[in-house]
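Residue numbers (UniProt numbering), protein chains in the order written: chain P, 1 to 306; chain B, 1 to 270.
Derived lysine to any residue pairs resembling SDA-like cross-links, with alpha carbons at most 20 Å apart:
1. K105/B - N214/P
2. K217/P - S72/B
3. K181/B - V239/B
4. K246/B - Y256/B
5. K115/P - F294/P
6. K95/B - I230/P
7. K95/B - L226/P
8. K106/B - V215/P
9. K95/B - T219/P
10. K170/B - H199/B
11. K246/B - F229/B
12. K216/P - S109/B
13. K105/B - S223/P
14. K102/B - D156/B
15. K95/B - L302/P
16. K191/B - I66/B
17. K211/P - K102/B
18. K95/B - W304/P
19. K84/P - L24/P
20. K223/B - G43/B
21. K115/P - V288/P
22. K296/P - F234/P
23. K216/P - N57/B
24. K106/B - S223/P
25. K170/B - I201/B
26. K130/B - L302/P
27. K216/P - G55/B
28. K211/P - I66/B
29. K211/P - S72/B
30. K211/P - I71/B
31. K95/B - F218/P
32. K216/P - K110/B
33. K216/P - K102/B
34. K296/P - R306/P
35. K216/P - I56/B
Covered, in the sense of this in silico footprint (three residues per stretch, anywhere, with C-beta under 8 Å from a C-beta of chain P), are these stretches of chain B:
36. 46-58
37. 74-83
In short, the hints are calculated from the structure, not lab data. Glycine included, every Cβ here is placed at the ideal spot set by N, Cα and C.
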Amino acid sequence: MTARKRFLRWIHLLFLLFLLIQLLPDQVANETYAAYAIWFGVGVEVLVLFVSALVKKQEGLNLFLDIVGFLYGLLILWILATAKFNLLSEVLFPPPGRVFEQFVRDFHKIVVNIKSSVGIILQGYVLATIIAIPLGLFLGWSARLGNAATYISKFLGSIPPIVYIPYGIALLPTFRSVSVFVIFLAAFWPILASTMSGVLNVEQRIIDSAKVLNVKKFTMLFSVILPAAIPQIFIGCNQGLSVSFILLTSAEMIGARDGMGYYVKQYSDFGDYTRTIVGLLVIGVVVVGISFLFNKLQRYLLRWRR
Amino acid sequence: MSKIEIQNLTVEYTDKNRRFTALKDVSFSVESGEFVSVIGSSGCGKSTLLSILEGINSPAEGTILIDGKPISGTGTDRGVVFQHYSLFPWMTARKNIAFGIKQVKKEISKAHRLKLADEYLEKVGLGEFKNQYPSQLSGGMQQRVAIARALAMDTDILLMDEPFGAIDAKNRTILQELLLKLWEGDGVQEKKTVVFVTHDIDEAILLSDRIIMMSASPGRVYKEISVPFERPRNRSDLVQTRDYSKFRNELLSLFYGDIMDKIGGSEVVL
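Take the sequences, apply the hints, and build the full model.
Okay, here's the thing in structure tokens:
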């Protein structure tokens, strides 16, 4: 039997175990949602069959199957501890079926909230990127301005953006614009700083070989210095992105009327922990999804590096 | 009128408040279509001289005339190959060449530029590597691309700063022969004017019409020697002749003679 098949069988056994557990009698009153957990498990199993038929690379497949294995393990423990043996407080730890059911019921609301959150992140982050990168290029290239700018951006960048929120609320008309502003600041300083240091660290031989090709100033900045600095720029972009997520969800918990942070905060205030868990899981999935796309972009733009 | 005229060039560096004269009163000229090598031990200022010709550095005194006109800074009349691999790592081999062409000839369309790039890659034997990034190529291959780029830019003058200095012995001889072949061309096109910096005497003899020998501290022209061998040249035939060994020995004794002058004259036995 090949290693690939062995892996597949191991996953299928876990899936079977997961199904068998459903046969145990429920200890929790009104547990009518077990079907949702089963459907979720079946969905994962279908995904496993689908992916293992498509993915040819053994390494990538093993990683995927390992992760699914963890997921099944977690689900089994979760079901045993809640629905089947009632070891935990039912209010604080709803069984998985109930969480999935709630997700399906709230799906529309969740999509609206995700749209709101992702929209704010995108606006603030994209705005920060399109201002910080050209500015960083220009400041980094101009030796004298660049020195002063490094100190100034170190000072301004060291102020945690979240403390701007009260002031932002006074300055700007809507909570949404405050959020965009805070995300903008959170992403702007690290991207500016990394762009400047990227420009300053471009190897002299790259600059010399561009010079002897007689490149014009504009070409030098955007076709030579910018791509040479991109590996460094991405360090700041990554940093800015992860800070943006933290800030946005915390900002939404303070004063927003929508967004995923608002969803979690609102329902935990009402003691609806099923929805709180739904919110936490959805935020996790969204953040992982955006990071995944971002990594794809980074890989593509840096494909020339070994 | 000579293609390149270097007149009384003096270059000084300030390094930690210490003044240092890299070149002192250097003058020589290069004719159109001539292949001139500049050789000398390290620290004789030969690379500094070339950086002035490239236009990356400027001299304290003296001028360089190209076609009778003084140069300031870099120019589209000169193509350069450095010792360190100087391709842009984020561009594929053909994009590197096409980018070079674009800087000197804006009027050529993108498709045509890429076609020209492919042609020159064929010439240096890298046709099938055109879509590879520099990080996927060996040092020798990268240098072939750099040569292809300089040739594709079709400048009158080629400046080469120890282009094969970092390449292993076997590949170095292959690249020398390739360069020789490409420079000698088909006899129809006008030959490029080349200034080639090296510390390898055999390389200088094989390639050049004339050798400028430099001496160090401060860097200045020590001797100019014409290379008497017929073209087209073939390395294996050339090195077997007695004339070659005689000429090579003369050059070597000049080379070491200079060093002996520096460290105390004839009492020193090498």
